[in-house]
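Student: Single-letter residue listing:
There are 4 protein chains.
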Amino acid sequence: MPKIVDHDQYRRELLSRCFDLFAQKSYGSITMRYIAQELGVSTGTLYHYFPSKQALFEQLVEEVCQQEILMAIAELEFTQTLQETMDAMGKFLAKHEDYFIKLTYIFVDFCQHQDSKQMWSSRMFRRVDERSRQAISKVIGIEDSTVISLILSLIDGVILERLWGNEKVSFTEQCTLLGKMLTAYLPEHQLNRKLNYKSYSVN
Amino acid sequence: MPKIVDHDQYRRELLSRCFDLFAQKSYGSITMRYIAQELGVSTGTLYHYFPSKQALFEQLVEEVCQQEILMAIAELEFTQTLQETMDAMGKFLAKHEDYFIKLTYIFVDFCQHQDSKQMWSSRMFRRVDERSRQAISKVIGIEDSTVISLILSLIDGVILERLWGNEKVSFTEQCTLLGKMLTAYLPEHQLNRKLNYKSYSVN
Amino acid sequence: MPKIVDHDQYRRELLSRCFDLFAQKSYGSITMRYIAQELGVSTGTLYHYFPSKQALFEQLVEEVCQQEILMAIAELEFTQTLQETMDAMGKFLAKHEDYFIKLTYIFVDFCQHQDSKQMWSSRMFRRVDERSRQAISKVIGIEDSTVISLILSLIDGVILERLWGNEKVSFTEQCTLLGKMLTAYLPEHQLNRKLNYKSYSVN
Amino acid sequence: MPKIVDHDQYRRELLSRCFDLFAQKSYGSITMRYIAQELGVSTGTLYHYFPSKQALFEQLVEEVCQQEILMAIAELEFTQTLQETMDAMGKFLAKHEDYFIKLTYIFVDFCQHQDSKQMWSSRMFRRVDERSRQAISKVIGIEDSTVISLILSLIDGVILERLWGNEKVSFTEQCTLLGKMLTAYLPEHQLNRKLNYKSYSVN
DNA sequence: AATGAATGAGCGTTCATTCAT
DNA sequence: TATGAATGAACGCTCATTCAT
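Chains as they are written, first to last, in the numbering used here: chain A, 5 to 207; chain B, 5 to 207; chain C, 5 to 207; chain D, 5 to 207.
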């Protein structure tokens, strides 16, 4: 009888504990010894669960992409007005700022190690994008793809600004402003907001 | 001291030719041998101009920060309407997309190797931010810091989306939309656009 | 003690199935994992039967030395003439060529891991040599030690030539030639072949 | 100006100093650290001259094959009788016994790491064989391929016996006996020995 | 100024071996 | 008995860096 270990479950646990490490040091700068040490296992064990450093990194990105944290935005209680919704989103993002910065470190690092065009066309990133868009769309009740792109890009941009330490930019402030701008802009194009919301609320 | 001039001039030339290399491979993954090879010099020569890999990277970031390409936005011909200005900015960004993506790779990599908070407080990034803000401010004729942050963040965000290969998002489209939103939003707060611009042109 | 019998029996079975493996990859290049895999057992099981890789190898050599295949030459039907005997021996060797090559790989490998002088003085090899000599002696009906050494050495040499892929040399051809040479050489020294053989058959 | 080192010459020097090492420990058991240490250089230097352990080994075999020591047999002063020639050959082989044993270790090891059939068909071994045959042929004045194979195989066989420590077999004894057997055997087939010799001596 | 040979610490990875089950 | 997860020393190899030329 072998030691009773759920191989796949333990692999995933190790993986999730790698998240912070790969956010802290880039793929090229982190060492398997360091990872093993931080995880409290031996390098041998690391290689028992992952065939190579490369594979470990790829599985990490895969795993991270399958997480649903962006979806969590969709769980925001839908507040009465667009403005309130945007404010809530700002708070949510601010709360998870560290997570999103780490995510960005890992994704940028990952893209640098691949041909990114090819990557995007691969399932992973496309799936993450799709899910994020749906979440945004659901929360603010807009389906205009360009507007959603703008919201997503703004979020990305704020993450990036925070990532390199810009303290002048904050999620709450930016989301609030975005709310105001959307409010000022949208009515002209999308008057039937409430209807949209109702149809969403059915789901 | 003509020799020193030559030395420094050659150092800068090598540095500028390192830009693409560090964008392609991250600091941790690139090797001095590879850099030397790509630059067509020996490793010995590399070490003649730069005391270490770390120093080379830092000097590269320093050099890049001193470049004025973001300022170039300010050189955009001031077109009559805000919308036209934003459209022109979109075109400008789209044209230099590759450059901005490379810049982002290098900056993110750099931040990952430092304590980013500490970095921001260092002169370099703060200076770049300040210059970018002034450029935006001048071009758009707006002084509201939060609005400028939003514009900057949106640009950063689109770069990031393009970096990881998202072809759904484009600079031109986003800038155009941003123009519309600003037009819809701003009048309420800032009707005297021309005046503002003039006051900037005085500085 | 039936259990011990089973244990030892299984150990020997594993050992015999290791023969091909150690002939294919040398001691230094083969791994316990690979052996276990090829044997269809776990590494744990391997260590249950053999205390170490070194011991496994030594037991393999020991086992191989105890095999009687060289003796099998003695089982050759004693044919009327020396020439016929040598021809039969050539056929026998050619038939088991692969086995002898593998044996040689293993023995050479083994010698390289020991101080060979010391090894020879160890019982194993001496025993194999002695048995081979007796077998040859019996079959050929000659006692002259130097002649037997020549026959043995020639066989070894042909194995070696075959081992490194020389297709110009063949057992049958060489044994036939050796038969002719012995026939031409021996009568002068040893005319009473039959008598000798009989004297051997008495032992 | 770089350090003045004849790269290829130094490479060959290192190579020749590897001969004993690879004879002592097999390819799979020797380590680059050990080789470097024994050669008195760093591992980095080793890799500066050889792209890999595999390549080092192959170059060693290549180098060894290009050596002319077997040819040296041909340099034996041609003594009056076949018997004297064989006796001289025996002495020559006995004198270089250690070298031939080492050579055998290396060749066997090499064959085990390749598909030997394929190897033989490759130039190296074939060339060595051809040269050896010519040397033998020249020295004893015989062209019969099977007889030459027998002589070569016998030499190989004695090397092998010596390699695994058999002290009962000696080059001088075996060569002397072989001389007698050839003398007894050849006249029937090859009466014009002197003629052959003369034709060789012309070359 | 420029080269590239030299170094040895350290990298990703593998290995024989141990041991809880 | 049999398994395979776990270990960490050691492997082949690479790296930033130094230095004689």
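Hints were generated in silico from the structure; no laboratory data involved.
Values in this document were obtained by computation on a predicted structure and should not be read as measured data.
You may find that some hints are simply not true.
[To be verified] With beta-carbon atoms standing in for the labels, derived distance ranges:
hint, chain 1, residue 1, chain 2, residue 2, range
1, A, T49, C, Y38, 39 to 47 Å
2, C, Q84, D, E42, 53 to 61 Å
3, A, Q118, B, A76, 24 to 32 Å
4, A, V45, B, R130, 36 to 44 Å
5, C, E62, B, Y38, 45 to 53 Å
Glycine included, C-beta positions come from ideal geometry on N, C-alpha and C.
Student: Hint compliance check: list the failing hint numbers for this structure, sorted ascending.
Tutor: 1
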